[in-house]
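Novice: Now for the letters of each chain:
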Amino acid sequence: MSTKTTIPDFRITPTVDQVGVEERVTRFTTRSIKKESKMQGMKMILSMIDLTTLEGKDTEGKVKQMCYKAAHLHDIIPGLPTVAAVCVYPSMVKTAKDALIGTGVKVASVSTAFPSGQSTHEIKISDTKFAIANGADEIDMVISRGEFLKGNYNFVFDEIAAIKQACGKARLKVIFETGELSTLDNIRKVSDIAMYAGADFIKTSTGKISPAATMPVTLVMLEAIRDYYYATGRMVGMKPAGGISTSKLALQYLIMVNETLGADWLSNEWFRFGASSLANDVLMQIAKQNTGVYQCSDYFSKD
Amino acid sequence: MSSKKEKKLKFNAAWDLDPAPEDSKHVSIKKQYDLFINGEFVKPNSKKYFATYNPATDEKISEVADADEKDVDKAVKAARAAFGKWSKLSGKERGKYIYRIARLMQERAREFAVIETMDGGKPIRESRDIDVPLAANHFFYYAGWADKLEYAFPNRNPKPLGVAGQIIPWNFPLLMAAWKIAPALAAGNTVVLKPAETTPLTALKLAELIRDSGLPKGVVNIITGAGKTGAAIVNHPDIDKIAFTGSTNVGKWIQKSIAGTDKKCTLELGGKAANIIFEDAPLDQAVEGIINGIFFNQGHVCCAGSRLFVQESVADIVIRKLKDRMETLRVGDPMDKNTDIGAINSKQQLLKIQEYIEIGKNEGGEIYQPSCSLPKKGNFCKPTIFLNVSQSHRIVQEEIFGPVLAIQTFRTIEEVIEKANNIPYGLSAGVWTDKGSKIFNLTSKLKAGVVWANTYNKFDPTSPFGGYKESGFGREGGLHGLGAYLTI
Chain A
1 MSTKTTIPDF RITPTVDQVG VEERVTRFTT RSIKKESKMQ GMKMILSMID LTTLEGKDTE
61 GKVKQMCYKA AHLHDIIPGL PTVAAVCVYP SMVKTAKDAL IGTGVKVASV STAFPSGQST
121 HEIKISDTKF AIANGADEID MVISRGEFLK GNYNFVFDEI AAIKQACGKA RLKVIFETGE
181 LSTLDNIRKV SDIAMYAGAD FIKTSTGKIS PAATMPVTLV MLEAIRDYYY ATGRMVGMKP
241 AGGISTSKLA LQYLIMVNET LGADWLSNEW FRFGASSLAN DVLMQIAKQN TGVYQCSDYF
301 SKD
Chain B
1001 MSSKKEKKLK FNAAWDLDPA PEDSKHVSIK KQYDLFINGE FVKPNSKKYF ATYNPATDEK
1061 ISEVADADEK DVDKAVKAAR AAFGKWSKLS GKERGKYIYR IARLMQERAR EFAVIETMDG
1121 GKPIRESRDI DVPLAANHFF YYAGWADKLE YAFPNRNPKP LGVAGQIIPW NFPLLMAAWK
1181 IAPALAAGNT VVLKPAETTP LTALKLAELI RDSGLPKGVV NIITGAGKTG AAIVNHPDID
1241 KIAFTGSTNV GKWIQKSIAG TDKKCTLELG GKAANIIFED APLDQAVEGI INGIFFNQGH
1301 VCCAGSRLFV QESVADIVIR KLKDRMETLR VGDPMDKNTD IGAINSKQQL LKIQEYIEIG
1361 KNEGGEIYQP SCSLPKKGNF CKPTIFLNVS QSHRIVQEEI FGPVLAIQTF RTIEEVIEKA
1421 NNIPYGLSAG VWTDKGSKIF NLTSKLKAGV VWANTYNKFD PTSPFGGYKE SGFGREGGLH
1481 GLGAYLTI
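Quick mapping for you: the protein sequence lines, in order, are chains A and B. Those letters in the first sequence? Residues 1 to 303, per the working numbering, in order. Those letters in the second sequence? Residues 1001 to 1488, per the working numbering, in order.
A few of these clues could be false.
[Said to hold, decoys possible] With a straight-line cut-off of 30 Å between C-alpha atoms, the simulated DSSO-like cross-links for lysine-lysine are:
hint	chain 1	residue 1	chain 2	residue 2
1	A	K4	B	K1376
2	A	K150	B	K1435
3	B	K1025	A	K38
4	B	K1010	A	K248
5	B	K1007	A	K43
6	B	K1323	A	K288
7	A	K34	B	K1096
8	A	K34	B	K1025
9	A	K248	B	K1458
10	B	K1010	A	K4
11	B	K1264	B	K1092
12	B	K1096	A	K38
13	B	K1096	B	K1458
14	B	K1264	A	K43
15	A	K34	B	K1323
16	B	K1337	A	K34
17	B	K1008	A	K4
18	A	K248	B	K1008
19	A	K43	B	K1010
20	B	K1382	A	K34
21	B	K1337	A	K43
22	B	K1435	A	K288
23	A	K169	B	K1025
24	A	K35	B	K1419
25	A	K34	B	K1376
26	A	K4	B	K1323
27	A	K34	B	K1008
28	B	K1264	A	K38
29	B	K1377	A	K38
30	B	K1007	A	K169
31	B	K1264	A	K169
32	B	K1377	A	K248
33	B	K1376	A	K38
If you're looking for bench data, these hints aren't it; they were derived computationally from the structure.
Produce the entire structure from the sequences given, and follow the hints as far as they go.
Specialist: Pasting the structure below:
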């Protein structure tokens, strides 16, 4: 980041009109994506997935199985990419890291007392450092939504900045849990706070709260990324997470990225889907595109 | 990241969409269309026909009859003969027919949308999602009023006017036909309608639909022709009301022609709307409103937001956002489902727009057009904006009726109100701000028939639409639009 970047006053972030946002989103969803462009889009989606398991019942065995899937999505069809990363709890980072050696798939770890973020500063820092020490390439932190809703923007900013520091070289994704933030104005505000505090990615949701990612919320975040890029010259990535389980919807997200931020963001360096079941739907569509017929879901592995 | 120093977003570079053309095989278009008079298609007295072309390909689609004075007279006589029975029919029965037309239109929506796009050049996305559904909605809405006229105008004893002569433009051919026919029928009038000569086909398909609906013969007559046919309608002595949508020049001529007669008249004419963006507006959505305001239907919209006023403090950022957004617009084959901007309606209109673009350049305006390429065949024009212009520039004063936007900055509320009203037109305006009181302040001071706040180009059958000053008089839509077809 340039040393000249001035931090804006977050009390006066730009306003957002919800009706207008929804109208714009409708336009993206009526784009018709066919033939080669559809195939290209679907391969892009696969390569952008953060294959995720974040459950209390996760074990090393479960994580290992998912890691194999991450690198071998559907070996019957040649030329498929791997997913971008797997996303696990800090306790599973080492297992995932070992399982993914040589695959190019990154390991992302949630941290900072995911999903609620209701813990002390020290615990959040040590949570993050533990994940990094175990080899996490990326950290998905949660913000303190309560502090944000109290108007304590400096607290939120400082916390993100502190976690960013604890991340070292790992890329930091900041989860807003947009389903708890109520308005698009708030989402715009928190996007600005996170980016100026050093976020490498901004992310909608934990997947534990409904609604999770929606297109209107994602559009507001993409527009914030665009404005931040023009203001500072720094690219920030976007990760919608939760609720995106069909290739059709995922393609509509890509259309939205393409028409809001352009081609530079259409790679897994700058755009990710946080999803657990999206990959198989995309694989099914790719198989259909190749063979002309839909195959039974049991032809696609569930790990 | 060093290569990104220029801070320019790249659109449509890595992932372009394959063509997604709407299928047109399911539509039936006859090689030749006659005049729809007294419930059937009849040959024109003139024996003359003229061709209608697809403006995106320059291919001839069909040919339609050229009605002369005798044909007009025949149509008016049929309408007059039908008026007695139709006006005495109970409102409930009239409503049933109008509902039937609405439902048939919904059933044939796809065919109407495809023909509208082929004949007029507008993107299929718009004819499919806006023109046709809205046209059907107008019939549904006014069907509901047919048996409630006494409640619409209590203690007024509303009575139909008689025979209405209706002349409609080429920018929304089917929708304008619906705007005209639906309230006239609900009120108990009979009509003679003439679509524009470049876009007659959906009106003729509507004639087929009306024939199929079993509407009593002569209640709706649809005749085709150019200016001479329109003049014959205006000057016909047995017409009780003229409803015209089109250019201000023709509107003025109509007023002169009917002066001294007791013909009633509503005129919906040109516009040069101010779209005003304040610094506290939701800017990304406002940019969307600019795009929708001026590039909707290639800018062939009388209420198009063709004059943009941006508060100086946010002018740079709004224009940057606007330029980026323009880069993502897809200009081309109107039948492609992904096309945002289709073909200019006619060669003549394209030449007019190109002339204005030249005028703008010669006046010293700073032109910007996106990098998109245009199809080699057909009438196409890049979306265009002019920066650094003033109220004294011709491109700011005159209606271009194309995808050309003139952008000015302003500093205070008083200044922008003065400039917005400083134009002979007064059809519509847009206001973008986060502050409700500012909206109401402007809506009461802007001399425009419609003022949209934080949106643009929104139409609904329940909402009256019409202008001030040289944008015409009378309202269409809502109760006002119904009242225009009644003596009350």
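Novice: All hints, please: hold or fail.
Specialist: Hints, one by one, checked against the model:
no.: 1; hint: A/K4 with B/K1376; in the structure: 48 Å, violated
no.: 2; hint: A/K150 with B/K1435; in the structure: 24 Å, holds
no.: 3; hint: B/K1025 with A/K38; in the structure: 24 Å, holds
no.: 4; hint: B/K1010 with A/K248; in the structure: 24 Å, holds
no.: 5; hint: B/K1007 with A/K43; in the structure: 28 Å, holds
no.: 6; hint: B/K1323 with A/K288; in the structure: 39 Å, violated
no.: 7; hint: A/K34 with B/K1096; in the structure: 42 Å, violated
no.: 8; hint: A/K34 with B/K1025; in the structure: 20 Å, holds
no.: 9; hint: A/K248 with B/K1458; in the structure: 29 Å, holds
no.: 10; hint: B/K1010 with A/K4; in the structure: 25 Å, holds
no.: 11; hint: B/K1264 with B/K1092; in the structure: 26 Å, holds
no.: 12; hint: B/K1096 with A/K38; in the structure: 46 Å, violated
no.: 13; hint: B/K1096 with B/K1458; in the structure: 28 Å, holds
no.: 14; hint: B/K1264 with A/K43; in the structure: 64 Å, violated
no.: 15; hint: A/K34 with B/K1323; in the structure: 27 Å, holds
no.: 16; hint: B/K1337 with A/K34; in the structure: 11 Å, holds
no.: 17; hint: B/K1008 with A/K4; in the structure: 20 Å, holds
no.: 18; hint: A/K248 with B/K1008; in the structure: 29 Å, holds
no.: 19; hint: A/K43 with B/K1010; in the structure: 21 Å, holds
no.: 20; hint: B/K1382 with A/K34; in the structure: 25 Å, holds
no.: 21; hint: B/K1337 with A/K43; in the structure: 23 Å, holds
no.: 22; hint: B/K1435 with A/K288; in the structure: 51 Å, violated
no.: 23; hint: A/K169 with B/K1025; in the structure: 59 Å, violated
no.: 24; hint: A/K35 with B/K1419; in the structure: 50 Å, violated
no.: 25; hint: A/K34 with B/K1376; in the structure: 24 Å, holds
no.: 26; hint: A/K4 with B/K1323; in the structure: 26 Å, holds
no.: 27; hint: A/K34 with B/K1008; in the structure: 28 Å, holds
no.: 28; hint: B/K1264 with A/K38; in the structure: 56 Å, violated
no.: 29; hint: B/K1377 with A/K38; in the structure: 28 Å, holds
no.: 30; hint: B/K1007 with A/K169; in the structure: 25 Å, holds
no.: 31; hint: B/K1264 with A/K169; in the structure: 77 Å, violated
no.: 32; hint: B/K1377 with A/K248; in the structure: 33 Å, violated
no.: 33; hint: B/K1376 with A/K38; in the structure: 26 Å, holds
The structure is inconsistent with the numbered hints 1, 6, 7, 12, 14, 22, 23, 24, 28, 31, 32, although it conforms to all the rest.
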